[in-house]
Amino acid sequence: MVAETAKKFEALEAQAQKIMSVFIKAGHEAVAPAIIQPAGVFLDVIGETLRARTYVFTDPDGEELCLRPDITVPTCRLHIERHANPMTRAKYCYNGSAFRFQPAGAPVAHPREFRQAGIEAFGITDKAKAEAQTVVTVIDALKAAGLKDFKLHVGDLGLFRALLEAADMPVRWRRRLMHQFWRPDAFRTELKRLTTAAIDVPRDVPKELLTKLDPERPDDGEKQVAAYLESRGIDMLGTRTLGEITENLLSIVADAKTQPLSAATAELLESYVRVVAPARAAGARLRDLLRGGNIDITEAFDAYQRRLQLLADAGVDVTHADFEAEFGRTLEYYTGFVFEVVVPDLGRQSPVAGGGRYDTLMRQCGSEEDVPAVGAAIHTERLLAALTGDVR
Amino acid sequence: MTSPDTLVLAVPSKGRLMEQSVEIFANAGLNVRKVGNMRGYRGEIEGIDNVEVAFISASEIARYLKTGRAHIGITGEDLVREQMTDWETRIEILKPLGFGHADVVVAVPECWIDVRVMADLDEISSAFRQIHGRWFRVATKYINLTRRFLSSRGLTDFRIIESLGATEGTPAAGTADFIVDITTTGATLKANGLKILDDGLILKSQANLIASRAAEWTPRVREAENIILDKLGI
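Respectively, the protein sequence lines represent chains S and Y.
At position 349 of the first sequence the residue is numbered 349 (my numbering), and the sequence of numbers has no breaks.
At position 78 of the second sequence the residue is numbered 470 (my numbering), and the sequence of numbers has no breaks.
Excised from the complex, chain S in its bound form (with noise of 0.2 Å):
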């Protein structure tokens, strides 16, 4: 990676401040999270993938360490400490390096160390508000920067959420489906054994317990399953469960009995996922796609049309701007609304921003409950290279 040169490093500073007053003036307080985090909560939080992006080290004292992959989970860890309640309204901001490593050849657009200046709003229950603001400061942040040429993407993981929870199928498919959702190939193959006949033979479950387990009695299952385990000398052992194991036990029985998924609700979650459409128009297509079933999602569906209406209302150009269902697919702790920012010169691989809302990350960062949280980023070399047209 090329050396930064003083007049880039000054550069970036003073495109930065430009930024940081316009978080600052939208009412966020302006924070600098340690740079130096536990490793653990981030792949505990985010898993194994990230650890070969992540750089972990061992300190002298044998505790595992990592410089930030981001600055979301650190601004949220830095949340927790400040307030036992974290559902606590708060609004920050920030201005800092993170890091992740890159193989060789990597474009220039994404070197392993790189600055983002970025806002995280908490605990703030209307959330369409909450989102539409985020994206109105980043926009104007770009502005205030300089930008003038760029490009909205939007998303929404509640959409298809919601989607899932109307259609008609046992919770088990749902979280599987869910779980999935982030792997299109292996999507579309659950998709496809849920619809086959006789989809869950229930080979896991220990002959002579299968008769015995009724998910229509779930009180007697856990005692079914301890019986079973005492009467095979099986000492229960580790994190999960007895009730976890009997549970999953009782769903696999139930699935059994289970009618396979409708070829119409199936076809509607593959067309809903192949949904591209400018952000105004899609509200139609995804009635369309609805008509004459019995899904009825009309509350996400209304989140998605005010969002729309206050981005709209707020002078953000919504009529330009794309939706695609699947955007969102390959960042996990999303949990509903995302959005990017795209530039011409660098395309769709290198948005100069993005956020998005990750209501479960709180309490994966050690909250009680979850908290409702939206934050986004801006990607500050990126946003340099595109205003001085230095873009390789």
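Check the hints yourself; a few may be wrong.
Subject to a maximum C-alpha distance of 25 Å in a straight line, what follows is the list of computed DMTMM-like cross-link-like pairs (lysine to aspartate or glutamate) [to be verified]:
hint	chain 1	residue 1	chain 2	residue 2
1	Y	Lys533	S	Glu64
2	Y	Lys582	S	Glu222
3	Y	Lys533	S	Glu63
It is worth saying that the hints were derived from the structure and are not from the lab.
Put chain Y on the given structure of chain S with help from the hints.
Chain Y in isolation, oriented as in the chain S frame:
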């Protein structure tokens, strides 16, 4: 300093692995013996002047072969695959030796009677995360093998806990949920309340005679190698 014309042969320094390695050479008429102090770590082969034997641990041998500090050596395939992502370019497996058999496997608590195959693990992982607020933890000393195997089976949401000993005890201790470890008979796993998944075999490993591609092969080193390989019938 070892002369560039000296062939470095790395042999396991301890236990059955050392005995069986020395025996393989002895059966081929190559007398491998330690020089100086019997507890020492250097040795020679009787009758071949330019061979130096390094008695080091099996995992150190893999590293020696990888970097070219040893020309040939005996070590397990598990260690080779763990320590080198690009092992085909760094070493050449000359001969599987028929001892040091061990399987690298995925093992889960026996009480997980609802889990028999890898796909089951993936299936329960999101429920587990919902309840416990974290992904599964896998204890192992085979970090790379584990990561590659699990993601090749579609399981990407887990965390590896590096374990340098007594891995099989980690689920009971609560530091990990399941493990990837080496086993020969499965008895140790069973004694610790663990079972191997039906499709959880990652690698059937054994000791191999291996040549380094990274080492410097001068004509005299090559000559010594030929003598050794000839006697071993390779």
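Outcome of the hint check:
no.: 1; hint: Y:Lys533 x S:Glu64; verdict: holds, 16 Å
no.: 2; hint: Y:Lys582 x S:Glu222; verdict: holds, 24 Å
no.: 3; hint: Y:Lys533 x S:Glu63; verdict: holds, 17 Å
The structure shown violates none of the earlier numbered hints.
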